[in-house]
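Participant: Fit the two chains together into the complex; they arrive one by one in their own frames, and the hints show the way.
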Amino acid sequence: MNRQSAAKPWLLSAPALTLFLALLLTPLVMTFVLSFNSFNFYGGIKNTHDFGNYLDVLSDSFFYEIFARTFLIALATTVVCVILGVPEAYIMFRMKPFWRSTLFLVILGPLLISVVVRTLGWQILLGNKGLINSGLMNIGLISRPFRMMYSSPGVVIAMTHVMIPFMILAVWASLQRQDPATEQAAESLGAGPLTVFFRVVLPQVIPGILSGSLLVFSMSASAFATPAIIGGRRLKVASTTVYDEFMGTLNWPLGAAIAVILLVSVLIIMLAWNRLMERRYSGAFG
Amino acid sequence: MRRNGLAALLFSTLFVVFMIAPLVVVIGVSFTSTGYLEFPPSEPGLRWFRAILTNPDFIDAALLSLELGVTSATIATVLAVPAALAIGREKFPGRDVLQSLFLSPLMVPTVVLGVGFLRFLTLISMNGTLIGLALCHAVVIFPFILRLSLAAIVGLDQSVEKAAVSLGASSLTVFRRITLPLIMPGVCGGWILAFITSFDELTVSIFIINPSTTTLPVKLFNHITQTTDPLVTSVSTAMILFTVCIMLFVNWLYGLDRLLIGEGSR
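Protein sequence lines, in the order shown, are assigned to chains X and L.
Numbering-wise, the first sequence is residues 4 to 289 according to this note's numbering.
Numbering-wise, the second sequence is residues 1187 to 1452 according to this note's numbering.
Excised from the complex, chain L in its bound form (with noise of 0.2 Å):
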């Protein structure tokens, strides 16, 4: 194969800087002591940091976001290994539909899934509680979870396990000491990816929050429409900052092509 030409890497120079031009955007305007947004920032200066600290509504509604994330991400793992395992290991009768109906939430969109959790939490009086948000999250990132765990048993050496089982393993022991640590990498990708999906989550929580369990990409987003002031991008630089860090650590555990490559494939 030729290398690339001078024009190819020229193309591929502005597109990282499309790419990138809208996050180093954010970063600077964040560092600027002045009241209104502007690049690159005349007079630098933290001010606008510590103003998030002044603000406990963004305090509250991010930590409110990692622990809806956290709990949503546990309880669609918990739900989706079974599930991946029997999709996964068996044949039987309606296991396709069992599938597609599983991964059906990538399908919908968000906006009608919101109004339709909406509409249901309020008839079972569940609106803007933690745990109704945290089902509809876990509703909604199933399906990142359900596609890396069946990778991972798809993938599996069966022959581990059955030497597990002829040395008289009961099931559950070939389960907790054999498959769960070797699937074990595929699982926590997808609870990561998972994690990071209810964490960034904008269209379905904004339905069914109240004021009381507002998330953090809702704060955001109320905050930029109806003003414009430098402390969405400080708090915008922080939520950046805490994505590189999770990209990173998932990057050198898991591999990040291999995390999201089944998002373009499906």
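Okay, chain X solo, but in the shape it has when bound (with noise of 0.2 Å):
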């Protein structure tokens, strides 16, 4: 290989890496420094460099608590994710090709829709006089509103709409992996529709329902429209949290800190995730 051809990649990703110098790892570099510096609400941020900031988090219960929260809500919203996504994606991938592409274009739309425009819906529907309430009260199903407006609950149900298109993806790519002659061979043997979903194609699709859960888990985690909405200011979780601090409370390093205790936690959980998926299914990722 000659010289020019060795600097022929660098020159064109050149433009490309400045940018992610300039715009990625300096600001990320600066909110770690930032989360060493003190803040005095007179005197504001000092230049100092400790570990204060950490100290009083990992010092706190009341930090203990947003982060306990924001872990629990990210791994129900996983949860139920599976539990609807996997069924979902089966009965799509074994329909007409008419109609698995309008409930492709149902299901995978709402992506491209405002996150904020979605949890407005889910506020609307989810209020004490909301739609849900009132139906099920109307019915006489229950006396009093049930309260999900303001409760992880109801977060973990608009968070599952806004993520379950995640999880339908990443397992409809391993069901197209899968070999179909093994459900028709399970067929042919006198296997019911459901032993051939849970004995034949559920163990083909693990791949996917786990990269689709660590997607999924990682970004709940980290999710901040859904949760500020539908959690409201007394809810809080890591990311509205780190939003509070920076604009409401303006202790500039206290919400660098949380911001980096999440992004570490994020990334030692799916380092940790993709190392257990590498370990039992090396042979099942191309």
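Since the hints were made in silico from the structure, they are not lab data.
These numbers come from a predicted model, not from an experiment.
Where a beta carbon is used, it is the ideal one built from N, C-alpha and C, also for glycine.
Just to be clear, a hint being listed does not mean it is correct.
These stretches of chain X come out as covered by chain L in the derived footprint (C-beta under 8 Å, 3 or more residues) [said to hold, decoys possible]: (1) 31-45; (2) 127-136; (3) 239-246; (4) 255-264.
Facilitator: What follows is the structure, encoded as structure tokens:
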């Protein structure tokens, strides 16, 4: 390889690399440095370098509660996405092409619509006088409204709506890789539809479920709009706490420390999950 | 393969209801004439659509979001296509690291990106400027364009290019007359996906806007968290309509599943 061709890929990617060095790596390093500074209500940000903010976060049960809630909501959303998304992907996979592409449009379309708009819809549906509560009260199933706005279950319902297309896409990808002959073999040997699904299809799409779960979990743990609107001011998660520290109390160093903890914990979970997947299903990923 | 049973079709129907319910409700409420959110509207009318026209804030925000989406998607495309050519075509040390770096905005929580951009733009006194917003959005949407351009480049038959070279075309001519037209559908798909992502972006923008550069999602978010009048639903209905038009266009141009399938299998 001569000199010119060795430099070519770097010349081609130099403009993009410049953008990423200036506007991705530099801001991330600055956030990291900021998290070691201190803040005084009268003096503003002080250029100190210690672990004060981290000690504040790690020694306060208020922050433990916020992080526990963040990851529990993310976990619950992931579980609901698996329970609803996997069967739906399989049903869609068995449909005729026309219905399949129509359903794709209906289920994937919302991905392109603003999360704020979709969450507004859930706010109208979930309120104490919202459609779900008044509907349930009209048919006499419940006597008092079931509190869903400003509660974790409400956030999980709205977040499932936002995240489930990603799960369906991931499962879809591995459904296309499975061998349809295995299903036919099971059917010809007399297996019912449920047996085929649980004993033949499900084991083959587990890699898709796992990669979809990772995606849904990490996106849910860092989601902002849905917890901010459905959860409101009192039901805080990590991302809304960062926002409040930066825009409300103006304690940027503390906000930066919470952001760094969120980033590091999401990255650790992703790396550990990837390791686990690679060890178990090393052959299944192409 | 056997056909879906009754239970499967029922499940699927309920699932579709779940997916479209919030959108139907938002659209339904926007046609009320009362001053509060009600569904179905008891006195249907266009009162809240006329209210958009008398609310220049929302129109300004929408125009700004359009400008921002077009600018940032174009910046990101101009930078991503050459990078995709390098990553998709050449074998060089550091290629995998480069690719991971370019896809990493998808892995970093958006709130962390927002905080970083705020700190950085404040220090160089560019906070709240349109160009600052556009460059930050370009980083966030870069992975979408890179992925679709890469898919187009890797799937390209190189024999046409070799033929052009053998006939004496310069490498610039080959790129302009052969390569670019062939990868155009993928690049356009990436541009549109990036445009929509920028147009809908809330979490990064909310940190780095100022009152004169408020984008439409931020304006809508602030309005929702402060008051509840049906104005937010009529604005949302307009946004849904706009997105559905783009969606049908993309579906015709490129296929919606092809555009989005990369999102699930990354």
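Participant: Each hint should be assessed against the structure and marked as holding or not.
Facilitator: A quick look at each hint next to the structure:
no., hint, in the structure
1, 31-45, "holds (count 4)"
2, 127-136, "holds (count 3)"
3, 239-246, "holds (count 4)"
4, 255-264, "holds (count 5)"
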